[in-house]
Every structure is written in C-alpha cells, then in structure tokens.
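Use the sequences and the hints to build the structure in full.
Residue strings, one per chain:
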Amino acid sequence: MSAIGIGASPNRVGGYGRVTGGQRYVADIHLPDELHVKLVTLDVPRARIVSVDASAALEVPGVRLIVTADDMPQPVPRFGPQFRDRPVIAVGETKYHGEPVAAIAAETLDAAEAAARLVRVEHEELPAVFTLAAALDPAAPLVQDRALRPNDPLAGTNVLREHRVGWGDVDAATADVVVEHVYTFPMVTHFAIEPHAFIAAPDGDGIAVWSSIQHPNWLQKTIAGIVGLPLAKVRVFAPDPGGGFGGKQHTKYEPLLALMALRAGRPVRLVLTLEETFQAVRRTAAEVRVRTGVMRDGSIAFQDIAADYLLGAYADIADRVVGKGSYPGCGPYRVPDARIVARSILSHTVPSTAFRGFGNPQVNWAVESNLTEAARVLGMDPLELRLRNLARRGEAFIPFDTPADGEWEQTVRRAAELIEWGSPLPTGRGRGIAIGIKSGPTTGLSYALVRLLSDGSIVVYAGTSDMGQGARSVFAQIAAEELGAPLDWVTIVMGDTSVVPYDQQTSASRSTVLMGNAVLAACREIQGRLRAMAARLHDLDESVIVVERGVIRLPDRELPILDVLKPGLGRLGGELIGVGEMRKEDEPDHPLGGSAAFFELNCTAVEAEVDPETGDVTVVRYATVSDVGKAINPLQVRMQDEGAAIQGLGHSLMEHYIFDEVGRIRNLGAIDYRIPTSMDLPLEMVSDMVENEDGPGPYGSKGMSEGALLCVAPAVAAAVREACGAVVRDLPLTPERVWRALQEQSRPAAPEEDAP
Amino acid sequence: MQSFAYARPETLAEAIALLDAHGPEARLLAGGTDLVIRLRDGTLRPAIVIDLKRVAELDPAIRETGGRLVLGATTVMTDIAADPRVRRHFIALAEAAAVVGSVQIRNRATLAGNICNASPAADTAPSLLVYGADVVAAGPSGSRRIPISELFVRSGVTTLERGEVVTAIELPLPARRIGAVHVRRTRRRGHDLASVTMTVAVDEEGLTRLAYGSVGPRPVLVVDESGVLADPAAPDAAKAAIFERMFADASPSPRSMRAGPEYRLAMLRVLGARALRIAIERLAGGE
Amino acid sequence: MTQLIPISVTVNGRPRSIEVASHHTLLEVLRDDLELTGTKECCLVGECGACTVSLNGRIVDSCLVLAVEADGGEITTVEGLALADGSLSALQQAFLDMGAVQCGFCIPGQLMAAQDLLTRIPHPTVTEIQEDLAGNLCRCGCYEQITEAVVAASERGPATPGRAAPAAAEPGR
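In the order they appear, the protein sequences are chains G, U and X.
The first sequence lines up with residues 0 to 755 when you count with numbering that gives the first Met the number 0.
The second sequence lines up with residues 0 to 286 when you count with numbering that gives the first Met the number 0.
The third sequence lines up with residues 0 to 172 when you count with numbering that gives the first Met the number 0.
Among the hints, erroneous ones may be present.
Said to hold, decoys possible - Computed footprint of chain G on chain X; a stretch qualifies when at least three of its residues, placed anywhere within it, have a C-beta under 8 Å from a C-beta of chain G:
1. 2–9
2. 44–53
3. 56–67
What the hints assert, rightly or not - Some chain G residues judged to face chain X by a derived CB distance under 8 Å, without partners named:
4. Ile5
5. Val18
6. Gly241
7. Leu680
8. Glu683
9. Tyr698
Please keep in mind that the hints were generated in silico from the structure rather than gathered at the bench.
From the three backbone atoms N, C-alpha and C, an ideal C-beta is built for every residue, glycine too.
The following block contains the structure:
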C-alpha cells in the first residue's frame, strides 16, 4: 500500500487525525473561562463613524467587554506586512464593506451576537471607490490618509506604488504583427473551507495566541510590537490550517483579540463566519493591457505590459503581490525588448492579500491570451509559437535574474502530448495551451531542529505551516531517509513559536526547498556526530567513514544507525540534536530584493466544448504538467497540481464578487459565490511532472503547488475560442458571458470590445 | 440566531391552533432548509417555530388514492425523486426534486416547504403547475383545495391564509399519455439555484403545457392548445412564434445576481425548444 | 428568556440526554455541548457539506437542523466511523491510501457522505459518486482522489476489527 523513501508516496503524515475527526483546528480548541467575540460591522461600503453607542449592548447578560477605537491604546496601533497602514479596528472611518467598528466579548456566542445587534453606530455614508476607473479618477476620494505616506509623491492619489521592470527599448522596437488588448481578472476570494479563527489569552506574564495563520513567526512579531512585549513572552500556536492558499498568511484580527484578552484578563476567541472571510481576504483584481509584437517567423519582438491591480483599503501584502507577480510577466520566453509597468491601486474594498499564484495569474491571463492571439494572426500553431520562444536552460530570460533553471521544453511537450495536441477534433471542440511561470522565494530563512532519540526515532521541529500541501510528510520523509528510521517513527512538531525555531513564512512554494534544506542540514549535523561516534567506537579515522541515507558505511561494511547510536550514547543515554539553517540573503539592488531561488514552471492544455446556445463550457480534457525537480512525495505533488487546476477553473469559469451600485458586496457566502464542486470537474484530467533533479531543494527538488494555477484561464479561454469563436477577455467565463460574446460577435460589424 | 419558542404539536388541530394564535409571529418548520437559513441571517425573527414533523396527520408518505397521487406535506425530495409512481406518472417532478440542492438538502427539504417558501425559482413549481397539482390546506375554518396555479403571489408570498397548514399536495393521475421533462439553467453543474427552471409536457391530444420559473415574481404556466408545439413535424419557425407568445409576459428581475434579464429571456426560448423535443420523444417512446 | 429543551439522542451509538436551546443547531450542539468537534462549521447555509452528519440513517447538513428536531434520533458523526478497537474503517483507510486528504477540513463531511452512498449503493459508478458527493465542497480540489477512495473502499468491502491499521510501518532498516 505505501512505501517509504524519497520518491515514494507514503500516506500523509497527519492523515489519521483528519479522517477520524481528531484533528484540532483552531475553532476546535476551547480554553477554560473563554469569552466569545463578535465583530460589529456596517452594511455600507464606506462611512464616517460619528459615534458608537454600546449602552444597550452592554445590558445584555453575559457581555463583558465592548471595544471600539476609543478603547485602544492611542494612537490606535497599526500593522501590516508592508506598510503599517491598518488599524487594529476602524478609526474614524470604515474603509470597506465589513471593516469592524466594534468588538464584543461575552460569556456565550449568543450573548455576543445579541449585543452586536444592539450596538448603535451613528455613521455617515461616504462615496466609495471600488473599481480601477473610480479609484484613478483625479477627483476620487483618497483611500489612505496622506499622512501615512509623508514623502511619497503619489500620496495625493490612490496609486500606492508603481513598479517598473524592463529591458531593451520597447518604444523603438518594431514587429511584423502587433496585438494589443485589455484583459481583466476579477475579485475572487480564497474560500478555504476552514474560516479564519483566532484565540488570544493572557499567559502568565505574556500572551498566547492561537491562529489559523500561515506565518506564525511574523504574527508573533506583530503582536509583540502592538502589545509591547518581548518576543519570548508572545507564544503563537498555529494549528494546521484548514486550507490557506495565501489568505491566512498575514495578521488580521489577532492584535485586536490580544488587546481584548489583556483587557479582559481572560481568553477571547473569534471564529469568522464564511461571509466574514469574504470580507477579510481576497485576491488582487487586475486590468492588464498587453501589447505584443511578434515577427513573421514567430519570434517575440517585444512585450509592453501595463497592469493595474486593484488593492483593497489596506495594503496587506498586496503591493508585493503586484511587484513580484508582474515581474516575470513576459513569461518564460526570449523577449528582446520588454516593459512591465504594474501599479498598486487602493480602493474601498476588502483588503487583498496573497493568493496562490501571488499576482502572476492576473498578468499570465493577459499575456498568454495575447500570445495565443498573436499565433492566430500569424496563422501559426500556438504551441509552436511558444516552443519557438521558450527559454532554454541557462538563458537569462529576465536579464538580471536567475536564468532558466529547467528543461522547460520537456514540460511543454509533455502537456501537449497528454492532450494529444494536433490530433483531429470533432466540430464544436477546441484546444488551448498556456505556460505559467512564477519566481520562487527571493529571500528566505528557515531553521529546523532535529532530534535523533536513543531508540532511533526522530523528532523534527519545523515552523512551516502544513495547510494541506503535505509539508509534514515531506520533512518526515527527509528525516526518515537521512537517519534511517521508518516513517512512522518520525514526529513532526510545527506551529508553536515557543518550541519550534524560526521560520520566516510558508508561502511562495518555498518550504520543500528552504525548510526542507534546513531539515536536511540538521540531519547532516547529526550524521556528522554519528560519524564521530562510529570513528570512536571502531577506532577508525573519521575520513574513512561515510554516513548517508540512513546507513553508516565503514570501509569493510555497512551498519544501521542504531548499531552506532546505542553504544555511542553509552550509559548516560541521551540523544543527538542537529540544527539546520537555510538562508537566502537579500540582494538590495535587485528589483524584487533577491533573485528567484527557482522558478515554478507549468504547462496547461485544455480541450473544451461549448454549447453555443447557452454558453456552457465543458472542459472535456485537461492536462497539467509541472517542472518539479524531484517529487519527494509524488502523490502529494499530483494532488497539489490537480487541486490547483480545479481552483483555477473556479476563477476561470465561475467565481467573482458581485457589487451593488455603491460598492457593497452582494454575494457574500456560499449560495451566490460559486466554486467548483465534484460535478464541475473536467471530464478527464491528467497531470504529470518533469523530474530532472535540477532544483535547489533536497534531492534536486524545486518548490511547487502554485504553478498549476497560473495559466488555467488562458488555456481554457483559448480552447473556448477554438471551440466556438467566442472571444472573452474578462474572467470568469460564465455561460452568460460566453453567450453574450457569441451574440455580440454574430452581430454585423460589431466593433471589437477592449474594455471590460 | 435569535431565540424563539419551539412547539412540536402532535396533531393537526394543535398545529393549526398554534399557527392561528400567533399569526405572523409564527413560522412553520418542516425540512428547515429555507427556514433555518433565514433564522440565521435574521430576515425572519419569529416568536415561535412550529415543528410539523410529529403531526400525526402529516406523515411523509406518498399514496395513490381516488385517481390521485397524494404526497404528504412532510415528504422529502429524496423520496419524491425516487418514488416509482412519481417517476412513472410525473417524471418532471421527480427530475425537479432530484436537483433541489445536494443529497443532504434533499433528505430534509419537503415539497410543501418548497412551494410555501414561494421562491420564483422553486424547482418543483413548474412541474406542479404543468401537472395541475392541488394543494390541500387545513386551517381554522376547515380544509380546502387550492389549485397550484392560484397559490403563488410573488417571492415569499402565497395565498395561504392565517392559520393554514399545507397538509398534502395532490396530483391527478393523468388521463392521457404525457411526455414531460424538467430542465433548468444554472451557473455550474454542481447544485445551484436556477436562473431559469422549466417543465414542458405534451400529451397525446396535442396539448402542450409549459411552466417556467425564476423569470418573474412567480412561476408561470402557459398552454398551447393549437397542437403546433406538440407536433414533431411542425416547422421550428412556427414553434418559435408560439414560444414568443408564451414568454411575452416573462419579466426577469434586472437585479438578479444569477443571470441578467437578456440571458434569461434567451434561455427561456432555448430551454423551451430543447425541453419540447425531449417531451415529444418521451411521449413517442411511451416512457 | 432562552428556552432550554431536554432532548435524548443517540450519538455514535451512545445515548445522550442534554438540554439545548431551541435556536441552537445540531451542529452547534454536537460541537459545543457534546464536544464532538470532528464535524465542521463553514458556510452555515447548507451549501458546503462540512457539517454533514447522519441523522436517522440519512445524511443531512447539521447546520440546517435545529438540535431540538433531532430529539429521539440516531446520529452518526465522523467520530463514529472508526471501528470499536480504534482501527480505521475501510473507507477512512481508502481516503488515506488514495491521497484524498489535503488540509482535511472537508474530510469529515466527505466521509459521512461517502459512507452514506456506499450504504445505499455498494458499488457506485464514478458519476454516482461525483453526483452524490456534490454537496461537499473541497477547496483544495481533492475531488478526483476522493472519488478514487470511494471506489477503492467499495472494492475492498467493510473493514473488520484488527485489520486496517494506519499507514503500514516498516520495521527498522
């Protein structure tokens, strides 16, 4: 059933609890004497808070504490991974539909809810900007207080930042064919099945916080700064999240809860409703104008990309999303002249944050679609066009960054093969193909601690957050492999900042490479000690002993590790402890602060059928192939890629926030925000991986899990166009939109629409 | 959700008395798949919830009696969709019941609840209209029979009076052979609320009955007595003209999140034509 | 003001008598009053299936059932799927073996729906599995693997106590 070892697919570590109901997510945790928190929000997109009257609410039996901005330390603390722009609770103004004005802590959730209904917030509704056009209008109200950006020339606009990347001379470049269009990517939300949950409790002379957070150390630092405690007195517990996808990376309501817990002297807990999660996190939407120049022979002459991303009312990590996501926007191709201008634009909407793909899918949607169109204009096969321009290993396709780090052609050809590209199709069917690329982590720091116990069992401390991607299994497999233990003799400890050493974060598909290497380094340190032990025990020089892959090699024989460990530890017993560090330093002159540790490269090919009368899109076949270096656990790789594909089908075919005329979200919750169900799968899905052991991670692995989401949309849209001729440049491709495109295109002399 | 009193009457008389006594302060609970959502979001704040599931006279059974198929008020969608008599005589209703939500929802959602909720998009409404169902309601002044076509007023509103409880839905066993089908438009293949929901039935004498929902404040029944729609040999243009007349009063809400009005009106025609073809085939195939 | 109503239910084979508020859902009572936190809260509108339990032999979204409605009923939750000696059922084991578990949050609901399906249709087709499990959303996108797990479980038949332990361990190398 399951084997161990690198490249095997043993059952998921941590799987037992997940199938028995024993797995404890934050919402499953209760502390004695806890208070339940409910947030008070306004059903308007933006408002000036005139006054808050909590008198009736305080009368509700069981209510212990009601806080507003006035009850916070003054000035109200602000936080944010990039800018300290976000107050722990709304100050003077709610800047988006759902920003909390007050928070109530009560003995029961019922009491907190009853009290929340009784809080009277006198407010004045203000005009909100919730589209790019509105936010960019010179007369638009400013989302962010100018004072927060004192020396920024853009402070008088809603443009938070502009990122420029380029090489060559786009304005001087010429091409035989130029294709220029505007594409839009909608606001979508993560919709993890576990809503965010938080608990804060006084803990002796410090504080303890439980959160569904992906970055426990980052949260620890934020909390410490806000409550004024040293890091060592702030303990963050980070149980495995029930799905994160980036939406649980950064601090949300933990600081508010921490302050409430200290004020109340008791634990306080907040579990968001699904609707509240839609109002807490989303992907950054975008409008991307692409001007692509190609030559008759199919070579790309230039790419001129202008990407406007619509952030929410607070920056969160979204400006980094814009900068990093747009950066490889030209794709994994040789492009002699390029310009990418990406802007982060604030709006009175839910703060956007990281979301699998981190700004790349938005630009990829536009650029890959444009490339397919360029191929069409040239009368060239879109696969052929891509292969013609695909960077080869070692080519500096982005001049000042890591060169192409894979045999990418293999990946592309494999995807084409799986979809039987080029074979005849029945009428009404079409195929599309697209390639996605994303820079891996540009900087990083992970520590791991490994303990080889006296019986040969192992404890690994790794601060990664396992939110389903299978990090526990990967680290367990590495430790088991290097130190010669069966897989179920390895315990992985994560999610407790008082016990687990520092990990910068879980994001950017970094953990197999960065933390994996740290775990490997820790194991190597132990192997070094074992070598010394063996040398002492067998009266040999260390130089003739090799310890690797779980065995000790003496000149004349091989020994299992236990045969050295037990006598080596001697009568006092004990254990061997190894510490591993994996660090990627920042490069201050690099546009992203550092070059990519690796690239995620994926090719997605789709065969689709469209019902022209209804606009229904059926994905008949779906192929996704990723360049992964080495799959430490192939089943987990497959699951991540196929899962990413299905998530990508969501934003390609059905997901989007719907607003009313003033900027309120209309489709909060699961009834009118549609995500793919088991009935919405491609009729046939195949995934594969290319393993050339050419990655910087353990055993030649690279990071993966975002790649397969990057180029879903352009592959699907290309297939739709081939199938029925419908041209849609605004996601999602709902049946109604496809139908509408067909209607409009069949009208005589209809001008081609560029704007959404 | 806010609290309420909970009553679990064991007789119909008790249930009616409670309902009559509290009037608009009371809500009836059968499957709960609509009610509990509205209790949670606060759009309904009854003082008392009356659970009908222990009322002896309202057992969830399907009985054939006196030329009618009688569906008890608390019969759930799962059982309606699976019942061989429903499938034999009222296949469109079975098909509609089979797409209300998921398995979990269908195990609880009742037909009576679906129609009393009076959503214009109720999936079972079109087939009930086409099959000429009667709703049996019992109230303080006794029992009466309401033709389904007289039940729906607009979203959330029916012609039921204060104190009335639906006790059964009765479907007259068809006197003629019928071919019928239920179709609908949704935003994804997985369970969804319909943007257009429709039942079409043709009978051996050339009568076509078509009912649609979600395109207007209530489900609508339209009839073609000309025989043209039911005639497999009639030209498409002739049928299209009849559809135009049939759908003339369709008034899709411009505010709907599920689909725009233009699309809905177009889909009425597309679904109408497709459903008609299937209904004709089924009639010819003798089911 | 809140009316407390005594109810008697059998949960995972064990009779329980408790008092519940009329407006508390079965989901809330299972999680908070009976401390069975395996059943999860997500959408609370009967769309996602994370709260799926079996009530009187049929799966329901427990977020849409008032606890009082379950009075006298028999409830099975995910905690009741394993065998008496703690070993996993064939279905649970199949979920692990076929890689159907990523973050795991939807899994209790998926298992309840899958168990219900296998009880009704011992050898379901892929279509039947996908249709009958459509009321259980998985954002990690494990649908294919979940389907494979249900197929595998249907082929293996029910587990018996003593068999089907967690992932097989290899003794020391």
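Hints, verified against the model:
no. : hint   : result
1   : 2–9    : violated (count 0)
2   : 44–53  : holds (count 4)
3   : 56–67  : violated (count 0)
4   : Ile5   : violated, 14 Å
5   : Val18  : holds, 4 Å
6   : Gly241 : holds, 3 Å
7   : Leu680 : holds, 6 Å
8   : Glu683 : violated, 10 Å
9   : Tyr698 : violated, 18 Å
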